[in-house]
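Number of protein chains: 6
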Amino acid sequence: MILRIDRLGVELPPPSTPDPAGAAAVQELMGGKFGEMSTLMNYTFQSFNFRYRQGARPFYDLIANIAAEEYGHIELVAATINTMLTGVKIDDAKDEPYKQHFLFGGKGALPADSHGKPWTGDYVHSSGDLVEDLTHNYFLETGARSGKLRVYEMCDHPAARALTGYLLVRGGVHQVAYARALELITGSDITKAFPAPRIPTDKIPECRPHLEAGLHRTLYRFTLEDYEQAKAVFKGPHPETGEELAVVDEYPEGFPWPEAPPEPDVFAPDYAPDEIAEIAARLAKEAGF
Amino acid sequence: MILRIDRLGVELPPPSTPDPAGAAAVQELMGGKFGEMSTLMNYTFQSFNFRYRQGARPFYDLIANIAAEEYGHIELVAATINTMLTGVKIDDAKDEPYKQHFLFGGKGALPADSHGKPWTGDYVHSSGDLVEDLTHNYFLETGARSGKLRVYEMCDHPAARALTGYLLVRGGVHQVAYARALELITGSDITKAFPAPRIPTDKIPECRPHLEAGLHRTLYRFTLEDYEQAKAVFKGPHPETGEELAVVDEYPEGFPWPEAPPEPDVFAPDYAPDEIAEIAARLAKEAGF
Amino acid sequence: MILRIDRLGVELPPPSTPDPAGAAAVQELMGGKFGEMSTLMNYTFQSFNFRYRQGARPFYDLIANIAAEEYGHIELVAATINTMLTGVKIDDAKDEPYKQHFLFGGKGALPADSHGKPWTGDYVHSSGDLVEDLTHNYFLETGARSGKLRVYEMCDHPAARALTGYLLVRGGVHQVAYARALELITGSDITKAFPAPRIPTDKIPECRPHLEAGLHRTLYRFTLEDYEQAKAVFKGPHPETGEELAVVDEYPEGFPWPEAPPEPDVFAPDYAPDEIAEIAARLAKEAGF
Amino acid sequence: MILRIDRLGVELPPPSTPDPAGAAAVQELMGGKFGEMSTLMNYTFQSFNFRYRQGARPFYDLIANIAAEEYGHIELVAATINTMLTGVKIDDAKDEPYKQHFLFGGKGALPADSHGKPWTGDYVHSSGDLVEDLTHNYFLETGARSGKLRVYEMCDHPAARALTGYLLVRGGVHQVAYARALELITGSDITKAFPAPRIPTDKIPECRPHLEAGLHRTLYRFTLEDYEQAKAVFKGPHPETGEELAVVDEYPEGFPWPEAPPEPDVFAPDYAPDEIAEIAARLAKEAGF
Amino acid sequence: MILRIDRLGVELPPPSTPDPAGAAAVQELMGGKFGEMSTLMNYTFQSFNFRYRQGARPFYDLIANIAAEEYGHIELVAATINTMLTGVKIDDAKDEPYKQHFLFGGKGALPADSHGKPWTGDYVHSSGDLVEDLTHNYFLETGARSGKLRVYEMCDHPAARALTGYLLVRGGVHQVAYARALELITGSDITKAFPAPRIPTDKIPECRPHLEAGLHRTLYRFTLEDYEQAKAVFKGPHPETGEELAVVDEYPEGFPWPEAPPEPDVFAPDYAPDEIAEIAARLAKEAGF
Amino acid sequence: MILRIDRLGVELPPPSTPDPAGAAAVQELMGGKFGEMSTLMNYTFQSFNFRYRQGARPFYDLIANIAAEEYGHIELVAATINTMLTGVKIDDAKDEPYKQHFLFGGKGALPADSHGKPWTGDYVHSSGDLVEDLTHNYFLETGARSGKLRVYEMCDHPAARALTGYLLVRGGVHQVAYARALELITGSDITKAFPAPRIPTDKIPECRPHLEAGLHRTLYRFTLEDYEQAKAVFKGPHPETGEELAVVDEYPEGFPWPEAPPEPDVFAPDYAPDEIAEIAARLAKEAGF
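Which chain is which? The protein sequence lines are A, B, C, D, E and F, in order. All residue numbers for the first sequence refer to our numbering, where the first residue is 35 and numbers rise by one. All residue numbers for the second sequence refer to our numbering, where the first residue is 35 and numbers rise by one. All residue numbers for the third sequence refer to our numbering, where the first residue is 35 and numbers rise by one. All residue numbers for the fourth sequence refer to our numbering, where the first residue is 35 and numbers rise by one. All residue numbers for the fifth sequence refer to our numbering, where the first residue is 35 and numbers rise by one. All residue numbers for the sixth sequence refer to our numbering, where the first residue is 35 and numbers rise by one.
Chain A with its partners taken away, still in its complex shape:
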């Protein structure tokens, strides 16, 4: 079971200049093979299917807990796409290749990649073999880092930059976590490959505040009281900086979602939003809010 918190893991800027082409690129981070739906669903299924938890608790806790954080990442990607699409007029969008943002969605995120191809369960690897799954996860985070770096370069919209700056740092934490887990089981020191791709995170301005806050070496516990044994794995020196890795017994306080104003030309949430708002206000009042 989960508890949802109606806040975002990082602060995103409010809507500014619309950027439909950029929003299409950011979709790769949502529903691409290496997008956040993939990281979320891979770790989620691996945690569901984890056999012999009682015997391998620290590894179960690590994977299950990272899965929890990934939920917050699909949320961030969606918020970014909504922000970038806010204000695009449907009658100006005929030349956009990503027409389904307007014809099928309501200027919102779709579970699809940058070409509109839907995310598929085919992208999930849950073999049951712990070493194999950890190897996969390390590779997946590597591919995901690559995708984030490329979206960063392609898009200079402030929301896309805020998103990728944060995801690069947090994805790096997961990459380290899986590498360390592999090392502890097999003795392989894959962390010597860091960073992969080989762009130091601190070269990216939007990453720096998060590095300064230590987010690159911190694993939050996205839970009230579980997954504590992740601490038995996520420890030791960070492969790039040498700082000590740490699991902290808390989760980010978070930030409010950026505003997503109505877009009546796609009927979101209605052709006449005020009518919905009036009904909502009456219902809220009746219920004592």
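Everything hinted at is true.
A pair counts as met if it fits within one copy or between any two copies, since identical chains are not told apart.
With a straight-line cut-off of 30 Å between C-alpha atoms, the simulated DSS-like cross-links for lysine-lysine are:
id, residue 1, residue 2
1, Lys-226, Lys-237
2, Lys-226, Lys-269
3, Lys-237, Lys-123
4, Lys-269, Lys-237
5, Lys-319, Lys-269
Hints were generated in silico from the structure; no laboratory data involved. Because the structure is a prediction, the values reported are computed rather than measured.
Start from chain A and add chains B, C, D, E and F according to the hints.
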């Protein structure tokens, strides 16, 4: 963001007689068009993409909160499939049509349907139009109820029955919730169609304990402090029983996961599980557990 | 079995300024999840699979007869796309995202959506449960209306406007029909949700002539002598106008297809169309035409 | 536009011994790459997209008219599958690989192949080039004949045999038609390859009555008054028998659909079919039937 | 088994003006239904699955040998795409519809079509029936010729022109080969349909040097000592020119690959290519190169 | 370009007891995500797209050369499937879930997985980043080893055992090769994870003869004169045995394909194979064979 709780919403029986053909059927409730991945991802994307939240808060809160519960449902389906596959020997499984449980997964759940077709983002409808999305959701829950009833009939394995008994009751709550939301906005009384499909839930023995506990008229808040305005929508009489609907300010205490013992013939979590266990024990000890 | 009539349900303008980007948008109405292939194939399969026809004749007749009309709708969408692509030069089309109109098709319609993703049988829902299928159909028509409205807004090409103006009115008839059928079986008054999406059809200039001709409250019988009991369902007041609904014992006289001149740069129907024409003329003459 | 006739092109036997494995095989003739949905949609799209009709009328008429007959073929395949599934109990079906007949459909046909893979628009070839499309169609009918022969061999259920006996003869007519069209345009005599696959149709007992009735050399006009110039192409000797080919100005009288009784365990058309029947009877009476 | 030769079948020009839109079009020749992956994999699987080789050797040898040539064709298409993408800056590519060249690939070819839809095994036809497979292959080459002609017209980049000029000639050889094989088995003279589509190859300037070199009537043996009996089939007059067809006991000498310089903005082969080069140089030196 | 050799890399037994269920399992090694089509196409595309070859030759040579070997592996899988399907009667195959072996293929291999889902270009990873691609390849070989081990366990047919025994050894070589390449670039010692999955290859009887022949530490050069610098990478001690790795300047002599007799009930190569054989014999004779 979410917080994960390492417990299940309902008690599932421990592994007993393996039932690979039944596990294949239960996959329809995971990755089929009307499976729990679909309910989870539909409501999740609708909540991410909800425009004008400030003006339509009660409806946002309702959808976002139901989305949170659905995460617990994919968890339950996965646990059931793992339970039903526990103990199947891979050298006895050659005649099973669902070979990927053994060849590709580790006797665990896959994000796919009863034929092995992967779940796809194509199953998500997030149009931005609130009335349209609610209409969709009502229909989706109707199709999902149909699927659960049919899996119930096809499978008499105790885990499948415990699962479907619970999901039928909880799915019914969501069906009522969306119908009520539609009614409050448009005045349409779709609740007269209940139950749909037209099998009274109380005819199903595995549903009865949950009905007696009132679970059919209760919406949990799967959150610490958000989504409270769902109360402005989920109220009034239950369409079948006339009892008052209620949003409660808590979530289920939950039950431990059923045991999922190692299955060395698919290397889950390893060909020699004890070696993993030994490493894990040492790490846990080093970390003070 | 069917009999084809070589005419279209509504008059479409002849080719004018080519509009390849608009044609790509119109593809959403062909092969998108809510396109006309979906409405056609859903009702067609439901009619094929309808069990207990002798006991539920009026509902069978309704669905089977609407299925017949939908065939005419995929025809109209195809004619529109052909019209909008007429005159695009392949050497000017390199920058079009929808390259397959030129590389794979012959400047004609493809059974695919606005991104080129092929229509799939996954979009068909034929559960066997009459109430469930009617609920689905009502939802499908709602989503289809949404798509038509959005294509209307995105495209100002006269063919796209003539198409969507007509489809919005006819789709509305089907939406009413399924809502009424649901009401007659279950007592639910979903028609209070009309119009959905909430844009009155008469606000759309291209709809008005059809409204004035009463097409919004008329169900044609697309048959010589069958499906008459649809009259037992499609009756009563139109939910928006209060006018009486009526099944008429005829079908539209129709209009000729707009001209589709040869496009030799994609070899349609040939690199040297006149050679084909010469052969055809000779054969026709030999056969006495 | 089309007019539907509520009769089938050939007489099918009533339900007898259920045959779910056979019904799964027959699905290949529905939604497989060479199934009837493919023949229907290929010729339908080619007719929609046919450029320069005025110059190439006999070929347009031929393709458009054959497309019309194919609609009747998907109808027949669906009726066969329904017949073969009638009487299968859902609680006996757990071991069937084709579980979606029970879990997702209502013991009816799905737009999918023998493995449950949905039919896709990818199977449609409509290049605009007449010679290319005719070449395709000839190949498609060849592959389709192959599929029918193999289903014939795999399934001895009387409905499957009645279906394939008829389709083999009618498919053969279409194969001849496209070969002749190619010959008339290019001079190529592909008809020397007949029959392909090389099993003489008259070796198949279920084909013989249709051969004796001359159905192998007759092209019906599935229309009231169009497509007459098909006569300019479909003529000359039948490549196997030497008999004269003929387009006839009529369509088959047809046969009633086999009975498809309710199947309450999949709620088709309802869990309690009599309640639906009662409502239907009342509505029919009110409407004067 | 195969032996690879690190050279290309035709000379391609070096990178010049980048042409990302053209590269997207060329993808249709890679992963489209009629692309080179389709010709490669169709003939490859047919050769693997060829039954009764001892009895039908000349046909086996023909198909197996053509399959070998097709490998060289996917190679050429890939080299062309790489060439056309060389020099595109990722920060200029946001408006390109084919974003995955930059976000997912490293400015290289993807096994996908011009819309980014992945190539699929669905495109392979290997029925086991020799006549049916040859008919398919003839059709496939016809569709492939059509695609090449259209890409030729859409793209004037010198690499695209060099590619299509060569592929049109070589594809024509395969088209003739399958037609001749069909003729020898069945007596059907499909070669009268040549050229299909009906554009004489010698009208295309980029084809002419290859025609002058006789490449349109020559089948290479892509093998050291096998497949010789292809000579028993590929013989007789070329259907267009009347020249004698010939199987030659050699394969092309080939040309070096065009240069593919590093593209650091997509980390290909690295963010800092020189570091890789340094390592490589050291390793090569250590190994005595 | 490639040269094909009409021999197999390992000796396969002739057809014996047919095993259609086993053949379906072996399909996972053909068209599954970790099947041989995936290894073939991943390395092939990476070699095509390799940028800065002149600077990173040893790595290019390694990948390109391994790609060449993989072609021989899809060949072996196909031969095995054909062998296992030889002798299955189509009229006995109705209960097989993998019906397309009979209805669509000619008792031969399909480019699809164990459920019949087609292989897709989605399975190819060619990022351009050398370290990322090597990481992927190491993971891919790990997943592939896992699949082979599981097929080995599920199938005791002698052809399946001969296949998997060989592929496990050869796949292990590739796993080592990519790990060593990663090590040489980054310093990461992933080889400590060997074997992964953790089943020593020498515990498998069918592997032992190949181990004794040293095949586990030998990289063949599948080329006449290229790819020699692979020697600069594939060297050093084998991670499990400590023996020296070696690139040899030759390729296997190979073995003849097992017999694949005609299967007339699926028309492979014909309904009357002798007629084809007669034609073939005549043609061969005419051509001087």
